[in-house]
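Peer 1: Below, each chain spelled out in residue letters.
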Amino acid sequence: MPTAEKATVQDRFEALRTAAEAHQRACNPDHRPTIQIGLATCGIASGALETKAAFEEALAERGIAACIHTVGCVGHCYAEPVVVIDHPESGFPPIFYPQVTPGKAKMLTHLFLEEGDPRFEHLLGATIPNDLIPSVTDFARFNREARVVMAHCGRIDPGEIREYLAAGGYAALAQALQTPPEDIITTVATAGLRGRGGAGFPAARKWRLARSSPDPVRWVVCNADEGDPGAYMDRTLLESTPHQILEGIAICAYAVGSQRALVYVRAEYPLAVTTITSAIAQARAMGLLGADILGSGFNLEVEIFQGSGAFVCGEETALIRSVAGYRGMPHPRPPFPAEKGIDGHPTIINNVKTLAALPPIIGNGADWYRGMGTADSPGTAIFSVVGDVLHPGLVEIPMGTSLRTLIFDICGGIPNKKQFKAVQIGGPSGGCLPAEFLDTPIDFDSLQSAGAMMGSGGMVVMDEDTCMVDVARYFVDFTQKESCGKCTFCRIGTWHLLEILTRITRGEGREGDLETLETLAEDIKAGSLCGLGKTAPNPVLTTLRYFRDEYEAHIREKRCPACVCRPLTAFYIDLEKCARGCNVCEGCCPVEAVFITRQRKRAIDQEKCVKCGECLVACPPEYDAVRKVSPPGLAPVIARPPQDD
Amino acid sequence: MIRIEVDGTPLEVAEGSNLLATCLAAGIYIPNLCYMAESPEPFAGCRLCFVEIQGQPAPVTACTVAVTDGMVVHTATAPVRRLQQSAFRLLVSAHQITADCPAHKRCALQQVARHLQMGLKPKPLERVPRELEIDTSPPCFDLHPARCVLCGKCLRACQERNGSSLLTFARRGIQTVISAQGLSADGQEFTCEGCLACAAVCPVSAITPKADSGHCAGEGQGHADPQAAGS
Ligand SMILES: Cc1cc2nc3c(=O)[nH]c(=O)nc-3n(C[C@H](O)[C@H](O)[C@H](O)COP(=O)(O)O)c2cc1C
Ligand code: SF4
Ligand code: SF4
Ligand code: SF4
Ligand code: FES
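Protein chains in written order, with the numbering used here: chain A, 1 to 645; chain B, 1 to 231.
Source of the hints: derived by calculation from the structure; they are not laboratory data.
One should not assume that every hint holds.
What the hints assert, rightly or not - The following label-pair restraints were derived from C-beta to C-beta distances:
| hint | chain 1 | residue 1 | chain 2 | residue 2 | range |
| --- | --- | --- | --- | --- | --- |
| 1 | B | Pro124 | A | Gly587 | 44 to 54 Å |
| 2 | A | Glu508 | B | Thr136 | 30 to 40 Å |
| 3 | A | Ile596 | B | Glu133 | 51 to 61 Å |
| 4 | B | Pro10 | A | Phe201 | 34 to 44 Å |
| 5 | A | Glu508 | B | Arg3 | 47 to 57 Å |
| 6 | B | His115 | A | Glu518 | 42 to 52 Å |
| 7 | A | Leu575 | B | Glu133 | 47 to 57 Å |
| 8 | A | Pro129 | B | Arg171 | 56 to 66 Å |
What the hints assert, rightly or not - Covered stretches of chain A (in silico footprint by chain B; criterion: 3 or more residues with CB under 8 Å from a CB of chain B, positions within the stretch not fixed):
| hint | stretch |
| --- | --- |
| 9 | 420–433 |
| 10 | 478–487 |
| 11 | 519–531 |
Virtual Cβ for every residue (Gly too), placed ideally from N, Cα, C.
Using the sequences provided together with the hints, build the complete structure.
Peer 2: Right under this line is the structure:
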């Protein structure tokens, strides 16, 4: 490319950035206090809109001039609604407040904004280290993270492209457009970027295949189908940092020589759809998408396709069918989508996180990226950690961090003094790992060899009160229902896995069931057509490998060690502990199974009890009299006294 | 022409030919239910046609392989048989067998059973309890979902012939069925041409021409797919 042309792209970009910075400064010229509120789906679900309204109302009432800055998700789901207040005049640094209810919002407006008291009992910490108050960076949840893909999440307004530009956004695209496409691919190859959608396939290798195609029409698809139960990384990124994703899409499209891109997102993600739609429109209006981007001669149209929410549609060949308007059913590969995809054209399908990693990689270089993570899995991993942890949420960590660090240090460990039992990584395609694996580094290959899978980042932590047979049953129930039905092993095989697991959890397991489960699971893995079937047995195989004794207890002793499987458990009331006169359990039992003993205590009629566990929850902690046992025969039998009336 | 070897027999074939078709044409039977030579792409759903190819770590489906020079193929190794028997057991666990089935004796499943030396009971697996009604709503044929093995041949035959298919997959998981609710590519409801191409290809007589379907001048009056026999 001639130098004059290079200058044009850079000049155009600099002009956009300067204007964006000026706009940012003009937003708050007199350094008013800023109230930053997270308004992604998670925040909204915990009442962030009400919190925002309360701030607005309180500010108006008190005549305080402050800016309300709405942002996406910061990843601290346990702390939603999250508010960061920057009140320069108070002398304090910006402060992070968790769980800001409307009441707290009004209180903070009055006491902090008006009177300068930050209310120490309500804050989590300052967002930066300082001499006055503790800072959030003292917590592992903040300092062990490495935010690359999530760098802007919860910091900028996803609805305002100028905030992204002012924060350095689109600089990598401008830089890429002045670099030969092959060099971009080389950088991505050197960086060692592996796909974050599950399999960890090297991104550059796939791109080269498409780039070398004689077909001039090529597609790039951003896979935001995200069908794993409990996973919400991609949704959050779309809602919080849409421009970084678009910038990544544009870099990828430029590198592979594509002029058409598609964001495949499920229709169940309405806020994500709205956010990305408006982001595309803004980027087009600024000449960062569309025809002749930044005067470089490179054209890219980005469309949105709303999928109807079938798990299998995240599989790339099924996704292509679904885009063509057919039922999402996978095809045998080869041909790979990179050779023959949408309308028969070479199609690069990458996960949201893979694409969003491109701007930082191009901007900072391959060596910088390789500086994080491990030799074979460079960079960072994003997990949505849910289940039995104190601080669930979205976490971005360097690859190679141990499961222990992630679960215990970063996410606060297991609540209620319970023991850790297992962690399910990779959703229904992944596996359950027991405590022995807590020191396993999180990277593609270590997890794979442990029998789990990186997956796309779903992680469920389970405490001692979890039945592993039931967990396996839950995931197989999911994959069976989501099987597209095309191939025999997945359609019928997973049904049999489910049938056997269900029988075992009902106490109807038989000798030989475990061997049948194992053989069938291996066959489904080896024989299925697509990744859904090939990975569906993983939860069964890993729980069989690591928790076999639990299966055996169910089958041979009709006992559920975690007291979860209802047919194998019973509730009873410890008469020593039951307080005479307390009537809580009787009142809450939906089936009137609780009766009054001769000593005016309470007992449970085992015939009537439906094992809902309401009484266990309701019994006041000072008595703690309700017990759960397995097998049910362990519950003492207490006869109901003859009715008085 | 290139040379390949199947179970020790040297074969001379055109480069890029389909491995399953090549074997069947040479009289080497490989169990299969969903392969259709006319289809542009293999369906690869029945998972019966496994073979081992020297140099590959695990069995692969023959219907998805294009032959290359020097390819050495084994059709009856232990890992191949294990997968085939397992797939067959799964298929019969969900397949209704009745004495009055028109495909009886000629059914492709029975041929596979003979080849794999298996009975028609899914032991140690249970039968999948399914109560599936016969769909008599199509004008020219009846659909027997309890017999259907979901090989997808019927809808591909309809597609090939009419450019669009009346038949389509519906529901998911074990509930997946073939349903006569298809739409044409432009989203319009598709009307049955009455050609009975679907009934002609069905390997298990899950599609039977209506007795009084005189106006449906179909070629599908015979049932059990002759091509499934392979040789
Ligand atoms: C059943 C199934 C579901 C999948 N769902 C998703 C998904 O929701 N998002 C995703 O990015 N990849 C999903 N994948 C993986 C994709 O097929 C594909 O490998 C991925 O999008 C490639 O992108 P990557 O290389 O960036 O990981 C799924 C795969 C299977 C087998
Ligand atoms: S493995 Fe399951 S989801 Fe994949 S093609 Fe087979 S039936 Fe469909
Ligand atoms: S477990 Fe439920 S049904 Fe049983 S006694 Fe307690 S409240 Fe009643
Ligand atoms: S009806 Fe017959 S041809 Fe159609 S899918 Fe079922 S078994 Fe195959
Ligand atoms: S014939 Fe190959 S999978 Fe059915």
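Peer 1: Compare the structure with each hint and give your call.
Peer 2: A quick look at each hint next to the structure:
Checked against the given bound of 44 to 54 Å, the beta carbons of Pro124 (chain B) and Gly587 (chain A), roughly 48 Å apart, stay inside it. The supplied range of 30 to 40 Å is met by Glu508 (chain A) and Thr136 (chain B), whose beta-carbon atoms lie about 38 Å from each other. Between Ile596 (chain A) and Glu133 (chain B) the C-beta distance comes to about 52 Å, which sits within the given range of 51 to 61 Å. Distance hint check for Pro10 (chain B) and Phe201 (chain A): the Cβ-Cβ separation is about 37 Å, which falls inside the suggested range of 34 to 44 Å.
Restraint check, Glu508 (chain A) to Arg3 (chain B): a C-beta distance of roughly 56 Å satisfies the suggested window 47 to 57 Å. At roughly 26 Å, the beta carbons of His115 (chain B) and Glu518 (chain A) sit outside the given window of 42 to 52 Å. Against the hinted window of 47 to 57 Å, the Cβ-Cβ separation of Leu575 (chain A) and Glu133 (chain B) comes to about 55 Å, which satisfies the hint. Restraint check, Pro129 (chain A) to Arg171 (chain B): a C-beta distance of roughly 57 Å satisfies the suggested window 56 to 66 Å.
Check on the stretch 420–433 of chain A: 0 of its residues sit with their Cβ under 8 Å from a Cβ of chain B, so the three-residue criterion for coverage is violated. With 8 residues carrying a beta carbon less than 8 Å from a beta carbon of chain B, the stretch 478–487 of chain A meets the three-residue requirement, and the given coverage holds. Coverage of the stretch 519–531 of chain A by chain B holds. Counting CB-CB distances below 8 Å, 7 residues qualify, and the rule asks for three or more.
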